[in-house]
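**Student:** Residues per chain, in single letters:
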Amino acid sequence: MSSTPQKPSNAIKWFDPRWRQMGSWAFILNRITALGLTLYLFLHLGILSQLAQGPDAYDGFLATIHSPVFIFGEFLVVSAGIIHGLNGIRIALNSFGIAVPYQKQLFAGLMALAILGSLIFAVRMFTA
Amino acid sequence: MSKPHAIIIGAGFTGVATAHDLALRGFDVTVVERGPIANGTSGRTHGLLHSGGRYAVKDQESAIECIDENMILRKIVPNVIEPNGGLFVALDDSDLAYAETFIEGCQACHIPIEELTAKQALKMEPNLNPGVLAAFLVPDGTFDPLRLALSFAATAKSNGAKFRLFTEVTEFTFDGQGNVTGVKLWDRTNDNRSELHGDIVVNATGAWAGQISEMAGDPGIPIHPTPGVMVTYDQRLCERAINRLNKPADGDIVLPQRQMVVVGTTSFEVEDLDYIPVVEDQIQLMFERGAELLPGIRKANMRGAYMATRPLVGGGTTGRSIARTFKCFDHKESHNIDGLVTITGGKATTLRQMAEKTADVVCQKLGVDAQCTTKDVPLLSHRQFYLLPN
Amino acid sequence: MNTKWNVTFRVYRQKDQQTPHYDEFKMEVSPDEYVLDGVERVWAFHDRSLTFRHACHHSTCGACGMRVNGVEKLTCITPIREVTTDGGVIKVEPLRNFPIVSDLVVDLGPLYQRMEAVGHRTVLPTNEAGIANSLKAKKAQEENGMYRLADCIECGLCISACPIAATTAEYLGPAVLAGAQQGGLDRDPHVLELVDSEVGVWRCHSAYECTEVCPSHVEPAWRIMDLRKKVIGKKFKRLFGG
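Residue numbers (the numbering used here), protein chains in the order written: chain P, 1 to 128; chain L, 1 to 390; chain Y, 1 to 242.
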């Protein structure tokens, strides 16, 4: 009995956390949040350029940003920012040779902080 | 005049060293090997660069071969050797009683030894059994098995030798009189079948030499494949080879190998060479015997265990009493089959000399007037084997 | 050794340019045997066309690296009980990020070529051996005339596990950068050029899989970070007239 293995393309080969350790998860999470934040940046600029077209556009926009879907989207951006930022600190430290042997513990600790931070923002954003 | 073509079957120590020697003597060499480099006995060798001390009492021919080749290898291929010496250690009265014959034997074989007090031995090797009574320092060393083979193979390649790995010999080809003219090959990487002819075929298949020579029609090679176990532990408890000072026995050598120690070995006979499972009792024996020399083994974790099959050659006896020396058989003399020689027996330490003797026989058979120069030729980096084109 | 498990080995097969596939071999093995023993049994008793690399069987040659159930392992020291249970499956595949020669055999040529280029020494004096254990301070050892085989056995597991190596074939790779760190930047000026590049020491994105899978205590991850410090040090020196 035999089956044919499949190969992912190079562009997404890095996205395979199966059977990998915490360091790989951190790396993948950082990439995904980076992509998310970059996407957000483009969206943000796009919307701003729309808003530069006058008061009607602005009012129309205000109407949409109060929808739960939009707020959830913003929550994701905030959360991604916290995660990416904190992990970025870990990576910066490691790059200078600091705390490399403790990279796993550092990741776990910083992500705990990230979850905490995200929760605080979630509460503030969804109960405003 | 075109170069004579030698086909060498087997890319273990003997095969690669012979390829190196013949290439230097102006031969076209093709090495055919059914697996990767050194995947038989050679890769699994304990890794002891013998000073010869182990054989200085009962097998002086081997001992002298060892000390001579030890010095040569240190010169021509230092990049795969830890030349840190070795100790022969006495732990009890039986060991101490052996000391005198040991000293005489080493002197007879020009093996330099230095007698140490227990205190000196423990200073050199702090993890040694604190009950050590006496020790002798000898010029043992340890080497990296695969990289030793690759260094010879790389140099041979740089002189024109071709290596066909994962290519199995399925049959010999013969002329009308039963003489060997070449081999039939099965390339296992792409299932291609082919034939290769040469002026001489060298059977360098070690423990399998008997099987290959039977394939050629000569069942008479007295080879006794004799496996033994090796067990590795995950701490480097010594910096030098540690030998038990006594007659050769099971589990009396512990070697450092990178960040491990390797304890060996045992000795028994077997029928099927292609797969030999490890036996639990033998692992236990290695543990006990290793711990006698280095008690720290009791606290270490086992990292691996495996079997390696010595290609012992010779007379009517078995196991530890067979001489560790090597022999080159010209099948024309043994069975009237020309075109084939078999080299087998020997030890890793004597690979260069085995190749020299084999190449001498080959040159003499083919009327080629070329001397061996391998004593003085430094070998290339093992990585060149993969970087030089075939 | 006397317990027997029924294990299925699911082995990657590829010959020449044909489509790869998996073959299954159901075998009775001892759980204390190693995955390499199982692969050898497949060749010895089931399929003589299977090709795989092995030599020393005691983790010093680096030949038997493969992916076992998706994770890079040195199969000679990976007991079967570590990767499966009685009645389970062991998937055996070749290493990633190297061209496949045949079945489980890959072409490690690029690795060897780069190790030569950074001047990694296979044997060095013990006081330069820089034996890794990033959890303890590196012990300075006296000059005692003793030598040590370098820890790196060029097995390629780290490169197979590295996500950057997966996307960029030109990336030098953890083993090579660790090798450059071992040699230092003073022995050969070309090494600095090689590692101070976008496919050198700056390409690492801290996934740390290399250290996770290294079977030989090399710990490439901190060595890459250490190498970054050394590279920056060199550049400062140059800037200020060094």
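Hint data in this document are derived by calculation from the structure and do not stem from the laboratory. A hint or two may mislead.
To be verified - DSSO-like mimics (lysine-lysine), calculated; alpha carbons at most 30 Å apart, straight line:
#	chain 1	residue 1	chain 2	residue 2
1	L	Lys184	L	Lys299
2	Y	Lys229	P	Lys104
3	L	Lys58	L	Lys327
4	L	Lys327	L	Lys365
5	P	Lys104	Y	Lys230
6	L	Lys58	P	Lys104
Unchecked claim - Beta-carbon label-pair distances, calculated as ranges:
#	chain 1	residue 1	chain 2	residue 2	range
7	Y	Trp202	P	Phe42	53 to 61 Å
8	L	Asn301	Y	Trp202	32 to 40 Å
9	Y	Trp202	L	Pro126	41 to 49 Å
10	L	Arg74	Y	Gln113	26 to 34 Å
11	L	Asn301	P	Ile65	54 to 62 Å
12	L	Asn301	Y	Glu28	40 to 48 Å
13	Y	Gly70	P	Ile115	22 to 30 Å
This one's a predicted model, so the numbers in the text were calculated from it and none came from an experiment. The beta-carbon is built from N, C-alpha and C at its ideal position, and this holds for glycine as well.
**Student:** Taking the hints in turn, state whether each one holds.
**Tutor:** Evaluation of the provided hints:
no. : hint                            : result
1   : L:Lys184 x L:Lys299             : violated (52 Å)
2   : Y:Lys229 x P:Lys104             : holds (21 Å)
3   : L:Lys58 x L:Lys327              : holds (18 Å)
4   : L:Lys327 x L:Lys365             : holds (16 Å)
5   : P:Lys104 x Y:Lys230             : holds (24 Å)
6   : L:Lys58 x P:Lys104              : violated (57 Å)
7   : Y:Trp202 x P:Phe42: 53 to 61 Å  : violated (26 Å)
8   : L:Asn301 x Y:Trp202: 32 to 40 Å : holds (38 Å)
9   : Y:Trp202 x L:Pro126: 41 to 49 Å : holds (43 Å)
10  : L:Arg74 x Y:Gln113: 26 to 34 Å  : holds (28 Å)
11  : L:Asn301 x P:Ile65: 54 to 62 Å  : holds (60 Å)
12  : L:Asn301 x Y:Glu28: 40 to 48 Å  : violated (26 Å)
13  : Y:Gly70 x P:Ile115: 22 to 30 Å  : holds (28 Å)
When the structure is compared with the earlier hints, violations turn up for hints 1, 6, 7 and 12 and for no others.
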